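Mind docking chain B on chain A? Use the hints.
Those protein sequences? They're chains A and B, same order as listed. Counting in my numbering, the first sequence runs from 6 upward without gaps. Counting in my numbering, the second sequence runs from 6 upward without gaps.
Just so you know, the hints here were simulated from the structure itself, not pulled from any lab data. Remember, predicted model here, so these are calculated numbers, not experimental data. A couple of the hints might just be wrong.
Once the Cα atoms are required to be at most 30 Å apart in a straight line, the calculated DSS-like pairs of lysine-lysine come out as [what the hints assert, rightly or not]:
#1 K58(A) / K55(B)
#2 K55(A) / K55(B)
#3 K55(A) / K58(B)
#4 K58(B) / K58(A)
Residue strings, one per chain:
Protein chains: 2
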Amino acid sequence: MRILETILYAEDLVAAQRFYTDVLGLEVISFDPNRDLFLRLEDSVLILFKASKTIVNDAGVPPHGMTGIGHVAFRANADELESWKDKLEAVGVPIIQERTWGNGSRSIYFNDPAGNVLEFAEPHLWFR
Amino acid sequence: MRILETILYAEDLVAAQRFYTDVLGLEVISFDPNRDLFLRLEDSVLILFKASKTIVNDAGVPPHGMTGIGHVAFRANADELESWKDKLEAVGVPIIQERTWGNGSRSIYFNDPAGNVLEFAEPHLWFR
Chain A
6 MRILETILYA EDLVAAQRFY TDVLGLEVIS FDPNRDLFLR LEDSVLILFK
56 ASKTIVNDAG VPPHGMTGIG HVAFRANADE LESWKDKLEA VGVPIIQERT
106 WGNGSRSIYF NDPAGNVLEF AEPHLWFR
Chain B
6 MRILETILYA EDLVAAQRFY TDVLGLEVIS FDPNRDLFLR LEDSVLILFK
56 ASKTIVNDAG VPPHGMTGIG HVAFRANADE LESWKDKLEA VGVPIIQERT
106 WGNGSRSIYF NDPAGNVLEF AEPHLWFR
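Here chain A stands alone, though its shape is the one from the complex (with noise of 0.2 Å):
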C-alpha cells in the first residue's frame, strides 16, 4: 500500500501557493485560488484544500473538509535536512524545533502560513 494523494487544508491558498512553491520548490500540478491547490511530489501529489470550500464542494466527489492544524512529514537524509536548516533560515522561516529521535534520527518542524505543522524527518525514523 501506497499514498498517492495527502491532503492539507489552508484558508488563503495564494499564500499557500507561494510558500510551497517559492520556499518548498514544489511543482504546482493545478491552482485555483477559490479551491485547491496540486502539488507534484517525487512520487505522490500533495493537495491543499480551501478549508471553507471543501466540505461543500461541488465536484462531485466525496466532500470532505478539516479545520484546526494540520501535519505532513517530508523525508530527508542528513545532508538535505541541513540544506533546509540553512534555506529556511535564509528566506525567514522559523525553525519551531529540531529534535533528534531515540533511534538517532532527527527531525525539523516549521509552519506553513496557514499554521500546519511541515517536519522534515530522516527516514530512519521508520524504515532501516
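Structure of chain B alone, referenced to chain A:
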C-alpha cells in the same frame, strides 16, 4: 520531495485500528488507543491521531490537530482496484462512489469508521 508521514484524525482509535488492519491489511507500528495509531505503508507511514488529544499533545513536539472529515488516496492499479472493490463489498464497507476521470484513470471512494473519505486511485491519474 517525498512524503514520510501522512496524517488522519479519528476519535475512536480502537475502531480505526480494527479497520485499517483487518480491512486494509496495514501493519501496526505502534498503537495507543488514547493517543495515536502508527501504520506502516510500503515507503511511508500513515498516522491516525486522536483528534481531541493531539492539539494539546504532551509528546514535546509542535502540537497539531484537526476536526472534520479528512481525505487520503492510496495507489491501486486496475487489477488492485477490482480486488479492493470485491474485498470492501465482501466485508460490508460500502463503495460510496466510483469515478472515471478525464484521462481514463479510475477511483473508488469509501469511508473509514471515523468518516474520513478514503480513495483507491490508479496512479496514472497523476503520473504517466
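Hints versus structure:
no. : hint            : in the structure
1   : K58(A) / K55(B) : holds, 24 Å
2   : K55(A) / K55(B) : holds, 23 Å
3   : K55(A) / K58(B) : holds, 24 Å
4   : K58(B) / K58(A) : holds, 26 Å
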